[in-house]
Amino acid sequence: MPVAGLVPAPRREPAQADLLVRNAKVFTGDPARPEARAVAIRDGRVAALGDDHDLAHLVGPGTKVVDALGRRAIPGLNDSHLHVIRGGLNYVLELRWDGVRSLRHALAMLREQAGRTPKGQWIRVVGGWTAEQFAERRMPTVAELNAAAPDTPVFVLHLYQSALMNRAAVKAAGFTRETPDPRGGQIVRGRDGEPNGVLLAAPSALVLYSTLAKAPALDEADKRTSTRHFLRELNRFGLTSAVDAAGGFQNFPDNYATVSDLARSGELSLRIAYHLFPQTAGQELADLKRWTEMVKPGDGDEWLRLNGAGENLTWAAADFENFSEPRPELGEYETEFEQAVRLLLENGWGFRLHATYDETIRRDLAVFEKLAAEGLFPGGNRWLFDHAETVSADSLDRIAALGGAVSVQNRMSFQGAAFLDRYGAEAAAHAPPVRAMLDRGLTVAAGTDATRVSSYNPWVALHWLVTGRTVGGTRLHPAGNPIDRETALGLYTRGGARLTGEQDVKGTLREGSYGDLAVLSDDYLTVPEEVIPGIESVLTVVGGRIVWASAEYEGLDEAVPPVSPEWSPVAHFGGYPSGQGGARQASLVAEAAAESEQHRRWRVARGSVPDTTPSFVDPCFDH
-2 MPVAGLVPAP RREPAQADLL VRNAKVFTGD PARPEARAVA IRDGRVAALG
48 DDHDLAHLVG PGTKVVDALG RRAIPGLNDS HLHVIRGGLN YVLELRWDGV
98 RSLRHALAML REQAGRTPKG QWIRVVGGWT AEQFAERRMP TVAELNAAAP
148 DTPVFVLHLY QSALMNRAAV KAAGFTRETP DPRGGQIVRG RDGEPNGVLL
198 AAPSALVLYS TLAKAPALDE ADKRTSTRHF LRELNRFGLT SAVDAAGGFQ
248 NFPDNYATVS DLARSGELSL RIAYHLFPQT AGQELADLKR WTEMVKPGDG
298 DEWLRLNGAG ENLTWAAADF ENFSEPRPEL GEYETEFEQA VRLLLENGWG
348 FRLHATYDET IRRDLAVFEK LAAEGLFPGG NRWLFDHAET VSADSLDRIA
398 ALGGAVSVQN RMSFQGAAFL DRYGAEAAAH APPVRAMLDR GLTVAAGTDA
448 TRVSSYNPWV ALHWLVTGRT VGGTRLHPAG NPIDRETALG LYTRGGARLT
498 GEQDVKGTLR EGSYGDLAVL SDDYLTVPEE VIPGIESVLT VVGGRIVWAS
548 AEYEGLDEAV PPVSPEWSPV AHFGGYPSGQ GGARQASLVA EAAAESEQHR
598 RWRVARGSVP DTTPSFVDPC FDH
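With the working numbering applied, the sequence shown corresponds to residues -2 to 620, in that order.
Calculated from the structure, these hints are not laboratory results.
A virtual CB, placed ideally from N, CA and C, is assigned to each residue, including glycine.
Do not rely on the hints blindly, as some may be mistaken.
Quick list of simulated restraints, FRET-style, between CB atoms [stated by the list, open to error]:
1. Y420 to G470: 15 to 25 Å
2. E217 to G171: 18 to 28 Å
3. A53 to A128: 49 to 59 Å
4. A29 to E526: 25 to 35 Å
5. A214 to A426: 35 to 45 Å
6. H54 to K286: 51 to 61 Å
7. G57 to R135: 52 to 62 Å
8. D216 to D436: 49 to 59 Å
9. G57 to V557: 20 to 30 Å
10. A426 to K293: 33 to 43 Å
11. G57 to A128: 47 to 57 Å
12. R174 to D394: 50 to 60 Å
13. H54 to R30: 15 to 25 Å
14. E555 to E371: 44 to 54 Å
Quick list of in silico lysine-lysine cross-link-like pairs, DSS-like style, CA-CA up to 27 Å [what the hints assert, rightly or not]:
15. K286 to K367
16. K22 to K61
17. K116 to K168
18. K116 to K211
19. K168 to K211
20. K293 to K367
Can you build the whole structure from these sequences, using the hints too?
This is the structure:
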């Protein structure tokens, strides 16, 4: 019966999705709905999850539909400790040995790059590798660097421990017999007193980083291009967010200009929460005070935002993590450190602290407990310790009582052998004690600490978390001590989001969360352990934008400008070597070992080396 004044409401069709990923095995990370088959994204956020037929009504003329072909999809990964800003400014200048399986191949790459590097430029191999990863199980020698690149300066950084330089680099750096050793470092010399190309962190890595800083930098345009390509390389592995830990030689605001410019133009493909790190000893309090008057945590948007201070607040309070050297004995630092922490807390700033050893953590906690008596802890400001390889059970209890968190990195993947040699198997089995942290209810996040030590590949870190093995296969954690795969994935998704206060919109796939996800080459949750390090993303989505696409989806992602300068190592070798998925990568490990053994046997048969162990200097670089 018609009623005067009332008319039927028009039927409302739901707004169409911008992107629909269907036919996927979706791990949501949300306990309320752990699985789905399809994800719809609209206006940068997850609009709906369900089965394919549940979401079919969200498909319209403007919807991009991607068939995942039954692959595993996960929330976008979030590296909670990555030097992404500094790494981006230098990425295209660096020859990456991350994931290279034989030293022979690494040296061949170096020799090839020397042929295209223009005069005045350096070849830099900066982190992401260890001698353990090579089939030869050794580092290169200075003689090999000289043979591979006789005229082009070569700088090869090995962990926090040392650097190798060829003759041309020693000259370019200005090192002579009169050059004094810097504090905490050593310029190794030959019998004649001249530098021989070896730099040692003893235990401070400052000598390594200050020498690297002497190499030419990119111009502003190339820094922009370099950063975009580095972010795209991270997207390749399923990373959609990172917490930048600042670091040495990263000045604010100058060195943040490139990412700020990319954020303004909408060209970031990775969400970044950044920290501020005082660069000059003796000036830390002045810098922190100035910054608290300029900016505040949370400034920015969902793509680029300030998260707090650190990972150093004062230089005197920072320990060094060179496990080939004894633990450093720090001087008195508490007075200035307390002033820095008080300043930050009173101004509403959170912070993160580089602390490798429990001895440092205990001293820091004593300062915090003093301030807690005044009501400053726990005070609502997010704060955390980074690294914490030797943190004790008592210290973990104290961190929990003060409202702190912990960010762990897979530095032991690369430095585990040195740690094992110095501290023994019992200490290595709990370095760091991730399970004990979780059992106390602490917020724990995972990351890499790339790029100057560990590789930026998150799947190498996830492999370490679930197996306790180094990149060379050495088991550090006994069976049963590592965490399960879902828990590890949570540290790489929800954990990082909690450190930045974004857990309501990041780290899980649920309605209203950011539309950040990755479709994987191999199913992380079911593949054999040895396949995990070779996993890549075939489709990475950030805020509904396809920022990386490969395999069947190649060409769906956004375009980036060509690598510049043209002679860049990245333009020719790319970044981390692709294994076309984890299964292929696992087979390449065996192939590299077999190739190395065949090469050794060929040299033995030729009479180049005795039939014992591999030659210290590869004769293929003698001619």
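Evaluated hints:
{"no.": "1", "hint": "Y420 to G470: 15 to 25 Å", "result": "holds (20 Å)"}
{"no.": "2", "hint": "E217 to G171: 18 to 28 Å", "result": "holds (26 Å)"}
{"no.": "3", "hint": "A53 to A128: 49 to 59 Å", "result": "holds (54 Å)"}
{"no.": "4", "hint": "A29 to E526: 25 to 35 Å", "result": "holds (29 Å)"}
{"no.": "5", "hint": "A214 to A426: 35 to 45 Å", "result": "holds (42 Å)"}
{"no.": "6", "hint": "H54 to K286: 51 to 61 Å", "result": "holds (56 Å)"}
{"no.": "7", "hint": "G57 to R135: 52 to 62 Å", "result": "holds (59 Å)"}
{"no.": "8", "hint": "D216 to D436: 49 to 59 Å", "result": "holds (51 Å)"}
{"no.": "9", "hint": "G57 to V557: 20 to 30 Å", "result": "holds (29 Å)"}
{"no.": "10", "hint": "A426 to K293: 33 to 43 Å", "result": "holds (42 Å)"}
{"no.": "11", "hint": "G57 to A128: 47 to 57 Å", "result": "holds (55 Å)"}
{"no.": "12", "hint": "R174 to D394: 50 to 60 Å", "result": "holds (53 Å)"}
{"no.": "13", "hint": "H54 to R30: 15 to 25 Å", "result": "holds (19 Å)"}
{"no.": "14", "hint": "E555 to E371: 44 to 54 Å", "result": "holds (50 Å)"}
{"no.": "15", "hint": "K286 to K367", "result": "holds (21 Å)"}
{"no.": "16", "hint": "K22 to K61", "result": "holds (19 Å)"}
{"no.": "17", "hint": "K116 to K168", "result": "holds (14 Å)"}
{"no.": "18", "hint": "K116 to K211", "result": "holds (15 Å)"}
{"no.": "19", "hint": "K168 to K211", "result": "holds (11 Å)"}
{"no.": "20", "hint": "K293 to K367", "result": "holds (25 Å)"}
Hint check: no violations occur; every hint is consistent with the structure.
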